[in-house]
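Model the full assembly from the supplied sequences, consistent with the hints where possible.
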Amino acid sequence: MSLREQALVIVRQAIVSGEIGPDEIYSASALATRLGVSNSPVREAMLTLVNQGILEPVRNRGFRIVPISEHDLDEIGEMRRMLEIPGVAALVERASDRDIEALRPVATEIADAAHSGDIPVFLEADRRFHLGLLELGGNTRLVETVARLRDQTRLYGVSALAEQGTLQQTAPEHFEILDALLARDVAAVEAVMNRHLDHVRGEWAATTPAATAAEQAERAASS
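Just so we're aligned, residue 1 is where the sequence shown starts under full-length UniProt numbering, counting upward by one.
Hints are not guaranteed to be accurate.
Stated by the list, open to error - Quick list of simulated restraints, FRET-style, between CB atoms:
1. Arg148 / Glu24: 19 to 29 Å
2. Thr33 / Leu182: 40 to 50 Å
3. Asn60 / Glu101: 22 to 32 Å
4. Ser96 / Ala187: 15 to 25 Å
5. Asp118 / Gly21: 16 to 26 Å
6. Ile25 / Ser69: 42 to 52 Å
7. Asp118 / Ile25: 51 to 61 Å
8. Pro86 / Ile25: 35 to 45 Å
9. Ser69 / Arg128: 24 to 34 Å
10. Arg61 / Asp97: 47 to 57 Å
Since the hints were made in silico from the structure, they are not lab data.
C-beta atoms are modelled at their ideal positions from N, C-alpha and C, and glycine is treated no differently.
Quick look at the structure:
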């Protein structure tokens with residue numbers, strides 16, 4: 001993994017976990033110092049996130065998170081259901097037992113991180129699990145599209161959910177997905193994936209801040 005890729009992982013996790021807030025402007029150098037990484041890879045990572053629609057540049061000041069509305073979340077959730085559920089269900093026919101079982105240690109990482117409240121590890125393992133599942137289908141564009149949708153969701157409430165124990169309740173669903181695939185039960189796969197994605201749009205994204213009209217006007221004036 002290159003330094004840019006490493007920085008991208010760190011910045012993405014900081015955004016998703018809420019360490020990088022939606023109401024602040026960050027320079028690449030200040031953010032690099034805050035995250036304990038080098039300036040150049042962080043700037044490259046932030047430009048990558050600009051291209052993905054997650055950050056936007058603020059002239060002569062740095063970068064800030066693009067706000068996301070409830071309507072945006074509804075659209076993202078709908079697209080994820082349309083793509084991920086059939087994508088994972090198709091693995092009933094396409095993936096071998098060995099390839100499915102290879103993701104069980106990742107599900108264990110998710111469960112352990114949920115139990116300990118280690119949000120960065122939880123988020124990284126959760127991302128690796130779900131994208132790893134889709135990779136078994138062999139459709140690179142599907143994986144890339146879902147990865148962008150996951151990043152755009154930006155689960156600002158995940159820290160509070162860790163404190164409430166909600167992550168511990170949802171973590172076992174990763175094992176359920178694997179078990180349903182191994183049982184070659186399409187209906188069970190679809191049911192658990194539906195339930196799992198409910199958490200993303202419901203509990204996980206419920207506290208995501210959206211831009212007000214005044215904030216949007218201010219953003220337009222400063223860009």
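Going down the list of hints, with the structure as the test:
no.: 1; hint: Arg148 / Glu24: 19 to 29 Å; result: 23 Å, holds
no.: 2; hint: Thr33 / Leu182: 40 to 50 Å; result: 46 Å, holds
no.: 3; hint: Asn60 / Glu101: 22 to 32 Å; result: 52 Å, violated
no.: 4; hint: Ser96 / Ala187: 15 to 25 Å; result: 21 Å, holds
no.: 5; hint: Asp118 / Gly21: 16 to 26 Å; result: 21 Å, holds
no.: 6; hint: Ile25 / Ser69: 42 to 52 Å; result: 20 Å, violated
no.: 7; hint: Asp118 / Ile25: 51 to 61 Å; result: 28 Å, violated
no.: 8; hint: Pro86 / Ile25: 35 to 45 Å; result: 40 Å, holds
no.: 9; hint: Ser69 / Arg128: 24 to 34 Å; result: 28 Å, holds
no.: 10; hint: Arg61 / Asp97: 47 to 57 Å; result: 53 Å, holds
Of the numbered hints given earlier, the model fails hints 3, 6 and 7; all others are met.
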